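So the sequences go chain by chain: A and B.
When the count follows the working numbering, it moves up by one through the first sequence with no breaks and lands on 379 for the last residue.
When the count follows the working numbering, it moves up by one through the second sequence with no breaks and lands on 379 for the last residue.
Just so you know, these hints were derived from the structure itself, not from any lab.
Keep in mind the model is a prediction, meaning the values are calculated, not measured.
Do not rely on the hints blindly, as some may be mistaken.
Same chains, same names: a pair is fine if it fits in one copy or spans any two.
[What the hints assert, rightly or not] Simulated crosslink set (DSBU-like; lysine-lysine; CA at most 30 Å straight-line):
no. : residue 1 : residue 2
1   : Lys344    : Lys329
2   : Lys344    : Lys166
3   : Lys131    : Lys67
4   : Lys67     : Lys164
5   : Lys164    : Lys131
6   : Lys67     : Lys166
7   : Lys166    : Lys329
8   : Lys329    : Lys164
Number of protein chains: 2
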Amino acid sequence: MASGQRRRISPTIYDVAQAAGVAPSTVSRTFSRPGRVNSETADRIRKVAAELGYRTNPMARALATTHSSLIALVVPDITNPVYFEIINGVQDEAAEAGYTVLLVDSRESDKREREALERALPIVDGIVLGTSRMSDASIRMIAKQKPMVALNRAVREIPSVVPDNARGVRRALEHLGELGHDPVTYLAGPEASWADGMRWRGLREASLELSVHVRRLGPLSPNVAGGVAGAKAWMLAPTSGVIAYNDLVAIGFIRAVQGRGIGVPSDVSVVGYDNIFAADLVSPALTTVATPRRALGAAAVRNLVAQIKGAHPRGGPPVVVPVKLVERASTAEAPGAAVRLPHSGGHTVPDILPAPENA
Amino acid sequence: MASGQRRRISPTIYDVAQAAGVAPSTVSRTFSRPGRVNSETADRIRKVAAELGYRTNPMARALATTHSSLIALVVPDITNPVYFEIINGVQDEAAEAGYTVLLVDSRESDKREREALERALPIVDGIVLGTSRMSDASIRMIAKQKPMVALNRAVREIPSVVPDNARGVRRALEHLGELGHDPVTYLAGPEASWADGMRWRGLREASLELSVHVRRLGPLSPNVAGGVAGAKAWMLAPTSGVIAYNDLVAIGFIRAVQGRGIGVPSDVSVVGYDNIFAADLVSPALTTVATPRRALGAAAVRNLVAQIKGAHPRGGPPVVVPVKLVERASTAEAPGAAVRLPHSGGHTVPDILPAPENA
DNA sequence: TTGAAAGCGCTAACAT
DNA sequence: ATGTTAGCGCTTTCAA
Chain A
21 MASGQRRRIS PTIYDVAQAA GVAPSTVSRT FSRPGRVNSE TADRIRKVAA
71 ELGYRTNPMA RALATTHSSL IALVVPDITN PVYFEIINGV QDEAAEAGYT
121 VLLVDSRESD KREREALERA LPIVDGIVLG TSRMSDASIR MIAKQKPMVA
171 LNRAVREIPS VVPDNARGVR RALEHLGELG HDPVTYLAGP EASWADGMRW
221 RGLREASLEL SVHVRRLGPL SPNVAGGVAG AKAWMLAPTS GVIAYNDLVA
271 IGFIRAVQGR GIGVPSDVSV VGYDNIFAAD LVSPALTTVA TPRRALGAAA
321 VRNLVAQIKG AHPRGGPPVV VPVKLVERAS TAEAPGAAVR LPHSGGHTVP
371 DILPAPENA
Chain B
21 MASGQRRRIS PTIYDVAQAA GVAPSTVSRT FSRPGRVNSE TADRIRKVAA
71 ELGYRTNPMA RALATTHSSL IALVVPDITN PVYFEIINGV QDEAAEAGYT
121 VLLVDSRESD KREREALERA LPIVDGIVLG TSRMSDASIR MIAKQKPMVA
171 LNRAVREIPS VVPDNARGVR RALEHLGELG HDPVTYLAGP EASWADGMRW
221 RGLREASLEL SVHVRRLGPL SPNVAGGVAG AKAWMLAPTS GVIAYNDLVA
271 IGFIRAVQGR GIGVPSDVSV VGYDNIFAAD LVSPALTTVA TPRRALGAAA
321 VRNLVAQIKG AHPRGGPPVV VPVKLVERAS TAEAPGAAVR LPHSGGHTVP
371 DILPAPENA
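Could you put the whole structure together from the sequences, leaning on the hints where they help?
Below you can see the structure in the form of structure tokens.
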């Protein structure tokens, strides 16, 4: 008693079957495999169903078929703008294929990622694993239980789709080279980062080809604080060209050097990576490598759905999607061989790398 | 033949029951209502279950209980930084209560929102509806089918949790007033926005109390472009103090006026709303009203879970969570009665409000 | 405290 | 093309 509104109890295929004068299985077929039933009866059934307000019960269907039409998308940090477009790409492609996506945010925590995956695993048909914090071994473990594709990271034996990191940094270096910057500093990402490894490697190769010298500085944490730390270290041996591991690092770097009276791009040109939302908001607007994140997500889903539908997971080389350089205001002609530092000379700088990031 | 790895078939309560020498129902109780079974037998069952790698099947449980332990969180735009913390708050609180959250991004589209909700409805136990694009009537319709709580918007008859908009704008105006700004321009949000209505109302009340004049300018779309349009209009009758509907609008406004050679905060002080990620990244860093988004999300989930557990949805006044002003660099002492405009006088400005936003 | 048995709503052989 | 009939794996009376 004292009941609030009562939630209506839904009709089942049995109710519809009775009302339409057919067998329950015919009703089931009408909704699960149209075509397997006479179009006239089907129409009648659909009509009756509509009148009764029948809706197929996904749980019952899932139990019977062992398919939930749910896929999980795991990202390390929903807060990171990099994932916006990936999420959209995944959602769209999934919807198109008739899947609903369960978005899991692991918050950069190994523990959380495991727990969330644990929760999700039994109810999803497959997993898109974005930039995982877990070990390759753990990942393969999970891939044994459900179809999976790795995103932004190539995992051996697991279908993977990654952006063309090598080409991205190459374009960045090319751009800086054309503007006369040499040498160029690479503000490196986290040590454990697969992407950082790829980028640094790509940079070294490009360095040879383009005859532009490249120095590595890091590791840095992949955020604004990391950029600030990088700036401190860079002051020890400044270069007029800088390529950052990602846009956040680039932004942190720029703010830090600007704070020291160094102009961007008048004194240093810096290029970011990812082309996040904020890249166009900061001053100066950031020149950066745009990764096709939406395409990345879509490609991952296509592959995953294929697996779910029975395709053999192909453990071959990862699918590589193209990137492009977006030129904005943070890069310009090199001022000369070396950047002019206002305080250079008598200025004291920290002598340990990377500098602590609590500045 | 060509077979990929085969996914292991999972043991059921029957397997565990047999191995442990008990009835299936006892195994079920062990996991679904511990305490209803002798602790020794329970231990034994758990041990056997662990050995067999038994995991309870959520679909089967859902079918039997009609509870999925899933809740949906609907947001209009995952891309909007405002939702980061809300999402985190919801996820955390949900996890704590034993629920997994199905994140639905409606992309500002009524159609999408409906479709996604349609998909989600049958599989979730309840819904947290953030800043819906739908009409109150549609919302109530859905609330009839599943427990629901509205977020960031008060819907009559539906439990709602909202930030203290009135107090937020009051603090903003107070701050500007103390710095000597009067009158102050309010860069209004979308016409249909519930939050905008609340803020404007709060502003008028505060205006009376604080004796600071306030003008409304808008409606503007709630993004950077809207801020740019607002700046154009503001040029017609500039004020030294500006309060924006949200941070994005504030950022757009600032960039636009800076482009005209107007200094922030030297010529105009502007305060944003929301305290999004980027607010601390732009130059000057934005003074803004911080809404406790994580708390907002958590409160919504607590309410929702209570409803799911059988509490009567309370249609009373919305739960209001407190906000606070974060002072940064975009506000300062007023330069005088009116702002000095470099081009004021002979400068031509558009004469229709709001200005087209494709500038 | 435990067991036996009847569903939950749907799908999928197998028959007709 | 449609009907019959078992389940899918779990929960939940009802008995014992």
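These are the hints, each one checked on the structure:
no., hint, in the structure
1, Lys344 - Lys329, "neither (33 Å within a copy, 51 Å between copies)"
2, Lys344 - Lys166, "neither (34 Å within a copy, 46 Å between copies)"
3, Lys131 - Lys67, "between (50 Å within a copy, 24 Å between copies)"
4, Lys67 - Lys164, "between (43 Å within a copy, 23 Å between copies)"
5, Lys164 - Lys131, "within (20 Å within a copy, 37 Å between copies)"
6, Lys67 - Lys166, "between (38 Å within a copy, 25 Å between copies)"
7, Lys166 - Lys329, "within (12 Å within a copy, 32 Å between copies)"
8, Lys329 - Lys164, "within (16 Å within a copy, 36 Å between copies)"
Violated hints, listed in ascending order, are 1 and 2; each of the other numbered hints is respected by the structure.
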